[in-house]
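Produce the complete structure using the sequences and hints provided.
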Amino acid sequence: MNSRVLTIVLGVGLAFTVVFFGWSVSPRLPGDQQGYEPAQPIAYSHRLHAGELQIGCLYCHFGAEKSRHAGIPPAGVCMNCHRFVIASLGAIRAEHEQADQQKRPPQTVVSPELEKLYAAMGLDKNLQPDPSKPTNPIAWVQVHKLPDFAYFDHRAHVNAGLECQRCHGPVETMERVRQVEDLSMGWCVNCHREVDQTGVAGKAVEASIDCDTCHY
Amino acid sequence: MAGDHSHRYWKSLEERNALVESPAAAEDEFPESLEFATGSIGRRQFLKAAGFTFVGAVLTGCQRAPVEKAIPYLVKPEEVIPGLAYFYASTCGGCSAGCGLLVKNRDGRPIKLEGNPEHPLSKGGLCATGQASILGLYDSRRILHPLREGKEATWEQVDRDILDKLEGIRREGRAVRFLSDSISSPTTLATLEAFLGRFPNARHVVYDPLSCSAILDAYEQTHGMRLLPHFRFEMAEVIASFDADFLATWIAPVEYTAGYQAARRLEATPPQFSYHVQFEPRMSLTGSKADQRIRVAPQELGLVVTHLAAMLASLAGAPFPAEGIEQPAVPRQALQEVAQRLWEAKGRSLVVCGSQDVSTQVLCNFINHLLSSYSNTIDLALPSRQRRGNDRELQSLLEELHGGKIAALFISGVNPVYDLPDGNQLAPLLQQVPLVVSLDGKPNETTELAHYVCPNHHSLESWGDQEPVSGVVGLSQPCMQPLGNTRALLESLAAWTGTPKSAYDILRESWQSRIFPRQTKESSFQAFWDRSVQDGFAKLEGTRATAVRPFAAGVVHPILSAGALGEGEFALVLYPKVGILDGRHAENPWLQELPDPITKVTWDNYACLSPAAAAALRVSAGDVVRLESGPATGNGQKGLELPVVVQPGQHDQVVAVALGYGSKATERFAGMGPQWIEGKSTVGETGRVGVSVAPWLRLVDGALQYWRTPVKLQPTGRHLALASTQTYGGIRVPPQLATPGAERRPVIQETALASYLDDVRAGKQWEAEEHEDLWAQDHPYTGHRWAMAIDLNACTGCSACVIACQVENNVPVVGKDEVRRRRVMHWIRIDRYYAGDGADVEVAHQPMLCQHCENAPCETVCPVLATVHNAEGLNQQIYNRCVGTRYCSNNCPYKVRRFNWFNYPHEDRLENLVLNPDVTVRSRGIMEKCSFCVQRIQEAKIEAKRKGEPLRDGAIKTACQQSCPAGAIVVGDRNDPNSLVSQLLRSSRRYHVLQEINVRPSIGYLKLVRHRLEAREEKRDG
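Chains as they are written, first to last, in the numbering used here: chain P, 1 to 216; chain S, 1 to 1022.
In case anyone wonders, no lab produced these hints; they're calculated from the structure.
Treat the hints with caution; some may be incorrect.
Claimed, not checked - Partial pick of chain S residues on the chain P-facing surface, computed with a CB cut under 10 Å:
| no. | residue |
| --- | --- |
| 1 | I71 |
| 2 | L84 |
| 3 | H869 |
| 4 | E939 |
| 5 | I942 |
| 6 | P950 |
| 7 | G954 |
Owing to the predicted nature of the structure, the values given are computational and were not obtained by experimental measurement.
Here a beta-carbon is modelled for each residue, glycine too, at the ideal position from N, C-alpha and C.
In structure tokens:
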């Protein structure tokens, strides 16, 4: 009798464990980072830049046309605009209103996120290089990452006319970048099979499904 | 076809003997002994290993994907795009030959050196040493800051000290000496002159550890000018070489190989094929390519040259005192034939000599004079500047040192304590010199003794120039920021002259004042400079010809006799080995693991003996013998113990040992290779790799001599296992697999020149037949179809491709013990075959790599489809699928697959910077093999698509093809009938190795064609 109870208890426990882990760990392959959305050292918003302001992807990720890596833009690229744009319009207006109320000259407003950029570049208050300040490249957290044995080439895809969103999802709507697709090999190969039939942007393409297209 | 024909070629003497005794054993495809079955692993050791494995497996399973950072530039340099490779033209600093380079830079660091195809001398080739020299850049054991009395110091401190001491020396008028190897850089020489000019008694003393001093001395006698001529092998139809290993180690092997090959083009109309006869004591790489080899002991060389000179003098009707000359040890008939051939090709023949005996060299000059070689095959007007060493001045420097007359000694580019015969006596002498400054960046025996070490940059870190041949000036540019606090030699010299300047400024000013006036093409210096930096070299049309005196016949004296050797006495020959040379790159693991092209031994030097000599001493390969010299050697050493290698084709009274081993730099290899229970150390008992034989050199009569007599040999009864790759991968057709008649077809096919000229199909031993296929022909190859052609005629076996492949494809170094266990990882090997009876052998070199078979046997046995065919004819190896069953390797008929038994990381973590980011670094348990440099194929295809252009023939060059000085390897698209590879594969000389097993390889070999006497030919090729 005792042993039967024990068996039932153990059986229920086992079933519970299986169900519990089944729920908590979604059924995905090792290394699948779909949905990965890490915090970045600077809260850069793609929604604002690519969505609202309509800045083209290749303006910052200029490597995508020419190289295998699209590349994270150097801080110097940010400075092309942020030499002049140092805070949001709302923040500047608020400061002006406050200054008016307090009858004082308005202060320069610098966005706290952009402060991080200027600090990384070692700039002084007037956004001029200050030799006494250290410079530190910004360590962004990589979101889309392929294993070391897979060689993906951006320029082959971009020049074939593929849209960035096809793999990266609607980045222009994201406040913080999230990995939309699972970037698994099956997902790559399916697309390669498909576009061989359908073409990309109305053009025929040769998307090879040979292993050594990506693995060497 | 004669029945005995098939096994004409053999790889080792064991194989040849086995073929005679039991053919079945010789055909054993897997000669590995099962070490575990008989080995010494006990139960406890097994449990330990198993426990570790289990824990390791558990821990590996606990890993989570780490957060990775992507760190961009703050402000990106204009020209850099991450992920793209840039090529900068420069000049190789691996030796004094000064070959042109294209340095491949990725993400701010050089990762590969390629030959510069535009370079007028090296023409795109780059030797093994040059290829490997990039690893020296990432050597964390380099001296990366100035040293004062062995301790780290600042440049200011060091400069102040040196200048203080020099000021005192200058005031007292005491002697300052600058000791270096050959410097061909016009800028360095001028800067050095300015520095030494400040002292009343200062001299630049030049010596080369691989000296050509006697050649220069001979020209001083015969032509009134101490110079090294520029040899033009491309113009020579008949070449006689007396112990000059010009295809491997002599002066400028890359240039000579290209030239030699240019005179051997069978496909040209009319076919060109130079005749090359080699007189030498040992089997050299050059000898292995010779059409005729005559074995001569080193002490007899002068006598043989005298006889040849006498024969040619009588043909030319020139006076030559021929009385009283001893008979030569070589057949007069053969010598007469050589003389006749040379004479018939008068003006198109060339005689070179590697001897360090001035009278022998004078006789060679006399022969060349009789043959009208000057201004034809030998250029004296625009001479070479690659070797300028003067051993007489070296000798007087050593005398001054002994006399305590030197107050300041600067040492750059040489390691006299190691290089010189009495090097160990130098240590106390150097201690007596008030100021010893070393300018070397590598720690060695000499830098240890220097008061100050002012380390020079690596040649890839600094500006510089070289003028290897008058009128061709190579420019070096820095390809990365210096890794340490080092300083260019030019800057050090300028600082001590009192005019501190950057190397760039010094170089530019020197080019403006010295180089620019010598050219005529550009009118503005800036344009000339820009073009030179872009090209990596400048050809100076306005270089003034060197004025030499007409040949002075009066200095020619016959050599009347050769020293005889007694019974059981040997002549010791000391030779430089491909890659290692004089030991200047001994710290480079790639070069240490590069199999010697002839003996195929790695990680050691050894005593080469002829089969007859080995039989007489009752020793065989690996048995340790003791060499004993009659008179004591330079350091008072009387004996030397070395393992034996039995070398077919060597002179019976010669024992040959390689230089460049046993240096302090090799102590770093103590921890080389996987450290496991059964692992054995890469270094020997002395803690170093090999044994130094420099003390056995002789510095006599103003020339370093690379041989000595008499030497006696004594077996010690000990045995040392040599790490040889000689018997790796036996290729033979198992009779049951071959079609009737084809099973005994050899993998090397050849014919004689006369037969070839009669019928270009001569020597074809087996016609390809259409076979019934087990496999469906389901590879349509609608796009590209990659194929390779390898010309066995062109291949010299120099092994540049092996290192090129290693650098390009992140091929690891495994260490001596692993090589012994047949685990060398090279993707391309060069199989060396002998033919003949052991005394005189013919040699064939065959590069062997993955054949990318259409019906690949490896593909059918892989249980996880890790090796599959692609649509362009490549046999792909997919590392992330491989589970390491090794079935593919078992089934590979060519034995070209390599298995990672361990993780083989770089022993120095800084060296990881040399890894090619475009190729996966394979880990333990993975099979790998040649991929036809698929990363280069993909890159070229994508770039062509990006530009919207068709992929042009020649846009894809594999690493092996790029480096080959002889142009023996061609890769291309077989589906394009006009591509070079298609043309070569249609050649009548083309055959496939093991064609009979119908695996349909993508690599075609072009048959060897040999100059051979017709009578022998008939018998052989039936």
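For each hint, the structure was consulted:
1. I71: The hint holds - I71(S) has a Cβ within 10 Å of chain P, the shortest such distance being about 5 Å.
2. L84: Check passed: Cβ of L84(S) comes within 5 Å of chain P, closer than 10 Å.
3. H869: holds, 9 Å
4. E939: holds, 9 Å
5. I942: With a closest approach of 5 Å, the I942(S) hint holds.
6. P950: With a closest approach of 13 Å, the P950(S) hint is violated.
7. G954: violated, 21 Å
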